[in-house]
Amino acid sequence: MLEIRNLHACVDGREILKGIDLTIPAGEVHAVMGPNGSGKSTLSYVLAGRDGYKVTEGSVLYRGQDLLAMKTEERACLGLFLAFQNPVEIPGVTGVNFLKTAVNAVRRSRGQSELDAMQFLKLARRKAKELGVGEEMLRRAVNTGFSGGEKKRYEALQMALLEPKFMILDETDSGLDIDALRVVAEAVDSFRSPERAMLVITHYQRILDYIVPDKVHVLAGGRIVQTGGKELAVELESTGYAQFTEQAA
Amino acid sequence: MIDTTPWLDALHQAARVRSDAAGLPTRRDEAWKYTDIGALGVASFPLAGRPQGSLPTVAPLTTDALQLLLVNGSLQVLPGAELPAGVVIGRLDGKASAELVEAHLGKVIPAEAKSLAALNSGLFDDGVLVRVGAGVTLERPIEIVSVGQAGGDPLAFHPRCLLVIEDGGAATLVERHQGSGRYFSNSVLEIALGAGASLRHYTLQDESPEAVHVATTGIELAAGSRYAGMLVQTGSRLSRHETHAALAGDGASFELDGAYVGAGKQHLDNTTFVTHTAPGGKSRQLFKGVLDDQSHGVFQGTVRVERAAQKTDAHQLSKTLLLSEQAEMDGKPELEIYADDVKCGHGCTVGDIDETALFYLRARGIDAETARQLLIEAFLGDVLEKIAAEPVRTAFAAVVGECLKGAHATRRTNDHHQG
Ligand SMILES: Nc1ncnc2c1ncn2[C@@H]1O[C@H](COP(=O)(O)OP(=O)(O)OP(=O)(O)O)[C@@H](O)[C@H]1O
Ligand SMILES: [Mg+2]
Chain A
1 MLEIRNLHAC
11 VDGREILKGI
21 DLTIPAGEVH
31 AVMGPNGSGK
41 STLSYVLAGR
51 DGYKVTEGSV
61 LYRGQDLLAM
71 KTEERACLGL
81 FLAFQNPVEI
91 PGVTGVNFLK
101 TAVNAVRRSR
111 GQSELDAMQF
121 LKLARRKAKE
131 LGVGEEMLRR
141 AVNTGFSGGE
151 KKRYEALQMA
161 LLEPKFMILD
171 ETDSGLDIDA
181 LRVVAEAVDS
191 FRSPERAMLV
201 ITHYQRILDY
211 IVPDKVHVLA
221 GGRIVQTGGK
231 ELAVELESTG
241 YAQFTEQAA
Chain B
1 MIDTTPWLDA
11 LHQAARVRSD
21 AAGLPTRRDE
31 AWKYTDIGAL
41 GVASFPLAGR
51 PQGSLPTVAP
61 LTTDALQLLL
71 VNGSLQVLPG
81 AELPAGVVIG
91 RLDGKASAEL
101 VEAHLGKVIP
111 AEAKSLAALN
121 SGLFDDGVLV
131 RVGAGVTLER
141 PIEIVSVGQA
151 GGDPLAFHPR
161 CLLVIEDGGA
171 ATLVERHQGS
181 GRYFSNSVLE
191 IALGAGASLR
201 HYTLQDESPE
211 AVHVATTGIE
221 LAAGSRYAGM
231 LVQTGSRLSR
241 HETHAALAGD
251 GASFELDGAY
261 VGAGKQHLDN
271 TTFVTHTAPG
281 GKSRQLFKGV
291 LDDQSHGVFQ
301 GTVRVERAAQ
311 KTDAHQLSKT
321 LLLSEQAEMD
331 GKPELEIYAD
341 DVKCGHGCTV
351 GDIDETALFY
361 LRARGIDAET
371 ARQLLIEAFL
381 GDVLEKIAAE
391 PVRTAFAAVV
401 GECLKGAHAT
411 RRTNDHHQG
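Line order of the protein sequences matches chains A and B. Residue numbers are given in the numbering used here: position 199 of the first sequence equals residue 199, and the series is strictly consecutive. Residue numbers are given in the numbering used here: position 89 of the second sequence equals residue 89, and the series is strictly consecutive.
Hints in this document: simulated from the structure, not taken from any laboratory. Any given hint could be a false lead.
Unchecked claim - For the chain A half of the interface with chain B, some residues (derived, Cβ under 8 Å), not all of them: (1) Thr-72; (2) Pro-91; (3) Leu-162.
Since we're looking at a predicted model, the values are computed, not measured. No residue lacks a Cβ here, since even glycine has one placed at the ideal position from N, Cα and C.
Between the sequences and the hints, there should be enough to build the whole structure, so can you do that?
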């Protein structure tokens, strides 16, 4: 589903990604762990197509197409979803307006009919309830004044509404309380299907108890330095990244 | 010239002498540093005569509005409806309600030398008088529509209005400026609020794209009176909207919000002077502008708190969003404080579209153009939302929305040419 080949990328003229190779077939969940500043979020932004993240070498194939040639919104319409590490506050844009615009943009691109206000509200309320997102949060401005945990639930709600094919979860677990982590992680896990795939970026193996990964990768110094199974995450909890940072430096 | 009274003639005469001698202000005058009022040749525009031919009809913004129509500064239509006791809506000729007019006209806004208000005082030919008597709440909004109609040749006119709300009275005023062709509209509106009186005032400046618009609004607030204003500017080629508020009685409250959208070579100036002379007053101003292409915005706000005005709470804020690199904003908020126990604040920000927010929206499948539109509307939204009267809010928002779309249309063609 996603094939990353020798991906190099710069931010502000500084090379952050230094040759990433990563293939995630449909139906699989891959976890990426790694020290702070190793380039995990940078990788997620490059995949989502953020301005200012310049690819200098390499390629990314997504569902057989050249991902890097597409605009951000085209990638999203083709089912790529990034749950942000730091969701953005947008004062003045209400949740309902934002979510409805997004859902209908994606539906249009799939050749589905747009939802009217009533249909959308019904859907949004149901999904919000499942994820423990309060209904009043839908009326508030996007992420504005939300607590850290509320923002993460809101990301999960967006994912549930947009029904993506490939999900990148950038530290969706951090900031969530223990119960919320379970609710959100189970919701994400229920998205697993043979047609979907996921990249779960995390610092803790707890979320991987709910969303059991097929593979765990360690990203350090802008490269994947080790790949293993679920047990690698457990191992890292005790060993830390010292071995890799030395190696990368 | 309509038939007037001797004292009104004297007022005209005195003002004319003052403005003839001094002429129009220039950019060398401190208050006009950012706006060159003479640049488009308005000084030589001939005075408009009485409008000829059929009158334009303008659908009122609210169905229950008491509409007055001025064409080229001349009052053409007065509301036919029967008015509640204590309410006068009529022609400002110095004869009707003579005492009232004499007490206020030219007093709220004195005809200072080299001011556009003096030019108006010297030349206005016709105008509107509104009086809401003590303790009367006028439920139906008054809507004053000023239409400029210029044919092949440019013309100038000087509409004049006086609105007096006596103690404890309340009213809503909708003020609209629009038209076609090349003209210079130089209006003056004087508002006197008695003790405990209140006014909601919604202004839409949607003048012809070739028009030069100058408006001077004066508001005098007696004790415990309340003014809540909204000033939306979308039209004209060059505009200067000046508001002078005097919080002269204890505990008066003045609130003015502004929203403006500039595109092309438009120049939009919002200038305010708020003076607190009595204790316990509160003033709030929030101006938000979106400037595209080579448009130019100005916000000059002066808040003056005199020694006697203890416990004043005054705040002014100007925020501007620049959509193009050639758009320009001059902001000059000023506080002059002579009292010691006050709460005052001011600020001025100029920025462009939040790229992070744009990315977030696009990452959810929303195309770049729609995402930009959402962010711009949101920027102005919190100002427009403050319009309490729903039909007025919808109508103002629609005009602003159209302007933003227009700005976007030019952007798209520009992008296309570049790409
Ligand atoms: N706009 C920027 N300008 C300069 N450097 C940047 C910019 N954005 C990111 N970086 C740098 O790129 C490196 C990688 O950052 P990134 O956010 O991808 O790390 P991360 O692996 O996600 O870390 P964390 O675990 O803390 O979230 C860091 O050193 C960071 O300072
Ligand atoms: Mg990160």
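So, going through the hints one by one against the coordinates:
{"no.": "1", "hint": "Thr-72", "result": "holds (4 Å)"}
{"no.": "2", "hint": "Pro-91", "result": "holds (7 Å)"}
{"no.": "3", "hint": "Leu-162", "result": "holds (7 Å)"}
Figure legend: structure checked against the earlier numbered hints; every hint is met.
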